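For this one, chain L is given, so just place chains X, F and D on it according to the hints.
Residue numbers (this note's numbering), protein chains in the order written: chain L, 1 to 451; chain X, 1 to 203; chain F, 1 to 149; chain D, 1 to 95.
The reader is advised that the hints may include incorrect statements.
Counterexamples of contact, computed for chain L against chain F with all Cβ distances above 12 angstroms [what the hints assert, rightly or not]: (1) Trp11; (2) Leu22; (3) Leu28; (4) Val224; (5) Tyr429.
To spell it out: a stretch of chain X is covered by chain F in this simulated footprint if at least three of its residues, at any positions, have a beta carbon under 8 angstroms from a beta carbon of chain F; those stretches are [unchecked claim]: (6) 153–163; (7) 174–181.
Just so you know, these hints were derived from the structure itself, not from any lab.
Only a predicted model underlies this, so the values are computations on that prediction, with no experimental measurement involved.
Just so you know, even glycine gets a beta-carbon here, dropped at the ideal spot from N, CA and C.
The primary structure of each chain is shown beneath.
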Amino acid sequence: MRYESQKIAAWYWYGALLVFALQVTFGLIGGIVYVLPNFLSELLPFHSIRMLHTNALIVWLLLGFFGAAYYLIPEESEREIYSEKLAYIQLAIFMLGGVSAVVGYLFGVTASHGRSYLEQPLWIKFGIIVAALIFLFNISMTVLQGRKTAITNILLLGLWGIAIFFLFSLYNPANLVLDKMYWWYVVHLWVEGVWELVMASILAFLMMKMTGVDREVVEKWVYVIAATALFTGVLGTGHHYYWIGTPSYWQWIGSIFSSLEVVPFFAMVVFCFTMVWKGRRDHPNKAALLWSLGCSVLAFFGAGVWGFLHTLHGVNYYTHGTQVTAAHGHLAFFGAYVCLNLAIMSYAFPHLKNRAPYNQVLNMASFWLLSSGVTFMTVTLTFAGVVQTHLERVNGMSYMDAQSQLGFFYLMRLGAGIVTVVGALLFIYAVLVPRTKEAISPASAATAPAE
Amino acid sequence: MIHESFSRQAPDSASASAVASDSGWGPLGTLPGNPIMWILIVSELAVFGAALVGYAGARLRDPTGFVAAQDSLDRIAGAVNTAVLLTSGLFAALAVEARRADRRAAGRWLLLTAALLGCVFLGVKGSEYARELAAGHDIDSHPFFMFYYLITGFHALHVVLGLIILAIVAWFDSLENYETGAAFWHMVDLVWIVVFPCLYLMR
Amino acid sequence: MSELLTKSAARNIFYGGSAFFFAIFLALSAHSHYYAVTKSTTAPITDSVERGKRIWEAKACFDCHTILGEGARFAPEVGDVFVRWGGDKDPKGAHQMIKDWMKSQPSNTPGRRQMPNFKLNDKELDDLANFLVWTSTINTQGWPPKKAN
Amino acid sequence: MDRNALRRLTACWIGLVALTAAVGFLSDFAPRLQQLAVAGIALATLLKTRLVLAHYLGLRAAPGALSGFVSAIAVILVLVAVAIGVTPLLANAFS
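Bound-form chain L, shown alone (with noise of 0.2 angstroms):
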């Protein structure tokens, strides 16, 4: 650790997990009631637990991607962060709101104008945007201050970006397709728009500390992926915009578009490992390579073939709302942009602790466990939407008679969940715990599987 106030990033990062715990959790029980329907049902119904699953990724992806931010813009503008007080201030804000709520989704608290993903109190997302406002002022002044440069500059557009298509989330008409246009503007502008930029500048900053490779060359590069993910990403919306009563040239739009969204993603392939080809250094932190390997090649998967697969209008006119979104939905939230924030806090907890590399080989294994358990899910929900695909859009069945057919692949998803479940916990205590004694010696971790 360089900078003092680099670790900031640490207690942003600890509720990151914790959230991250949760998140888990109650995707495993919301894999249990797909399997025995009745379980919870009268205590805690299927909506709630929904919501606590996907607004926990949320909430702690954001987290980890603030922390990301206050561990490399130091480095990178070569100054200290303009206020650590103001940065606490911001995480105490942020966690209140999340812990607010988690609590309220429990008993059933949900915000009256309440949206997908945006479920929470109107209160809490005034309160988000302060605490965003807080950030962006605090990093911005950073930047501002110190030295530019172009990790740092598509970060900040990114997290900016972030910022201001939030607020769309305050926009709730009572024309139901206005709603869903502009509810796009916060779901698909993040997690296909500038959340991608946040990526590529996290996984620049990672293979240059980690290859070696001159910040020019990565520079570069980020650029290049920069401007194939924004040029493909804003007209690829198009593709939310071809069922919801919007006018058809978005069939055409969204298609072309987004059929070219899978470019940037292979660029990150090509990129992170003509890095470590062309680094030939030997990092000691192998489990923080592997995961920023692993996160660029899932996301690929997850995110370009994946949504490839049911981007095309001819295609989605019959898998649109089944369980193939889902699948899609998993892997690439999981390979864009859970791996990058595990990547990240593989890489820089070491250098918090102040310590050598630790717990490699029990990291490493948490990547094994947790990448193939979201892939495994994945998979067995693409079968899932294939077979329900089938049964009710080409043959007409009802909804709840093909969801009867599809017990075996809930069953084998619930499976791929707890061995997720397990992945992750273990990762968390792989990173929070560092034995003084390696539970595993380091020679073996030598031979540990390398991507």
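Okay, now just chains X, F and D, sitting in the frame of chain L:
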């Protein structure tokens, strides 16, 4: 912000592209103009290419309907516009040559001519749209017209962006900016060359 | 020096190109906004429809059901429920069916997914049903492909 | 200004305008000699794009990029031309 990036100073080398060539941009570095402009150009070609392939696919379902719709287009206006854009491209290419020979005033005049021809293109295109709309052909009336308006409209917006870029280049007239701006303008030419026969001529 | 220029120009092209696509997106959004309020459906959004929508939102119905294909995929699509339940032939009957369905929850059938009883009063049930009736009038470009029941 | 460049660009422009006239002329035959006209238009268009890429866009200096762009455009033109010209023919043959 613009001032620090679009410098008025000319690089010493004969071609600004040489500057970028061996500096980590990979194959992009060997192309004239800024590498990110080429990322934009390739993205655009992919978009227009996909749109044209989509058009060809949709046309298979209803060839006679498409031919009938195509016949309402003004092929003469389309051909004239092609010539206008190609001539504009010539002036843009000559402008780069002038700037390369350090004749900066000539370069600006040539750019201005190129931009004026771009305006002519937009004028002709606008009159075509007005005629089509007056005849009751709008974006919802037939699949052909949906493609026609989406593809040519998107292209026309690129002409508008190209005009803005040419203006910026005339203001900040480094050789690299000339090469970058001209590359975009020629891409707009290139797209039209492919779009015009696919929509107007191939029946 | 030139290297630096090339990079800052690269940044500006990235900004400019993104702004271009975003401007097109905003223009198309504006057109779609106009289309949504004038052409998607001509059925008026009455106060009752709006109140129904707010109930839909406050009770987080979308966290189990899909509406026009969006939401959780735990329970049936409701965008066309009014039509599926015969609302095109017998509007009053289908309206009443929606209300009765809401009142009869939870089914407590073992092995079947459970829908909570949201304890809505008669007026709220009317509002919710009216919202679903209005939703069924939206032009969804022919989606869903099959009208299952 | 470099005289050679001037001459080369002017020649390129003349070629482009001539090819434009040629595709316009070919399109007049489209209703009668459909397949031949479509193929001719596609070929002339491909030549035009090659001229623009090589001389206007300056890809003469980067032959790899030039052939890459030309092939990509060729693929698009072939797909469109086949869909417009050949596929209806096949459909007729089998119906």
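Against the structure shown, which of the earlier numbered hints fail to hold, in ascending order?
Of the numbered hints, just 4 does not hold.
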